[in-house]
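Trainee: Sequence:
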Amino acid sequence: MRLLAIDTSAAHCSAALYDAGTLTQRLAPAQRRHGELIVGMMDELLQAAGLRAAALDAFAFARGPGSFTGLRIAAAVVQGAALAADKPVVGVSTLAALAQGCRRDAGAQRVLCALDARMGEVYAGAYAANAQGLMEALLDDRVCAPEAVTVPGGPRPWAAAGSGWQTYPEVLAAAVRAACGTGPASVEAERPCEAQDVAVLAAADYAAGALLDPADALPVYLRDRVTSSAAK
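So the sequence shown is numbered by full-length UniProt numbering: it starts at 1 and just counts up by one.
Hints listed in this document are in silico derivations from the structure and should not be mistaken for laboratory results.
Values in this document were obtained by computation on a predicted structure and should not be read as measured data.
Honestly, I wouldn't trust all of these hints.
[As the list claims (entries may be wrong)] Label pairs and their in silico Cβ distance ranges:
1) A55 with A131: 38 to 46 Å
2) E190 with G133: 21 to 29 Å
3) D213 with R52: 31 to 39 Å
4) L83 with P157: 15 to 23 Å
5) Q132 with A53: 25 to 33 Å
6) A174 with M1: 13 to 21 Å
7) L51 with Q132: 34 to 42 Å
8) A185 with D213: 25 to 33 Å
9) V39 with P155: 30 to 38 Å
10) A106 with G21: 47 to 55 Å
11) A174 with R32: 46 to 54 Å
12) E190 with R52: 17 to 25 Å
13) A137 with D105: 29 to 37 Å
14) G107 with A84: 17 to 25 Å
Ideal placement from N, C-alpha and C gives every residue a C-beta, glycine not left out.
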């Protein structure tokens, strides 16, 4: 299986080529240059592998939640690339990919992800590793006040990731303590979503037949209110 995955959901920009289980990634701070950088990253990966887009099985993208502008860029780029190559698309939750990164780097079993959603809210998701080492949602991703974040109980420790932990560390840690009796075992507030983790999850979805027509590859904002302050 070969697929090309991208993420432009936050401050970083990344693209990853998944080729029969082998991953190659390009990752860089974007500073509002996502649209300028991402296509070049995709082309560079394909050229380095000696591949054309037609040789891919699918394209994948981090569908959200995240920056409204960034999510729109990823969706538009993937739609255009998939249409041109006549390939399907796989959309992956940004929070799931963030949790998968914690699994990849630190072997985390359960991860509570929280991204700062502005306007006093967070995008939150609770994930646990399955038997294949892939992070699966324990609860649906949601946008809510940090005080309303739901944490599944149980004895196993939680890892924590995402910018919400930088903005609301005490409130979110209290939610973990209330559910599990202890705070998070680790906190990575500055960990970015990475395309390589999007690719791993997308490969599993592809194998399961969870594919989208390019026209249906749309962002998942979680919040209906799109404002200029939230889009930053």
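Trainee: Run the structure past the numbered hints and jot down the numbers of the failing ones, going up.
Mentor: 1, 3, 4, 6, 7, 8, 9, 10, 11, 12, 13 and 14
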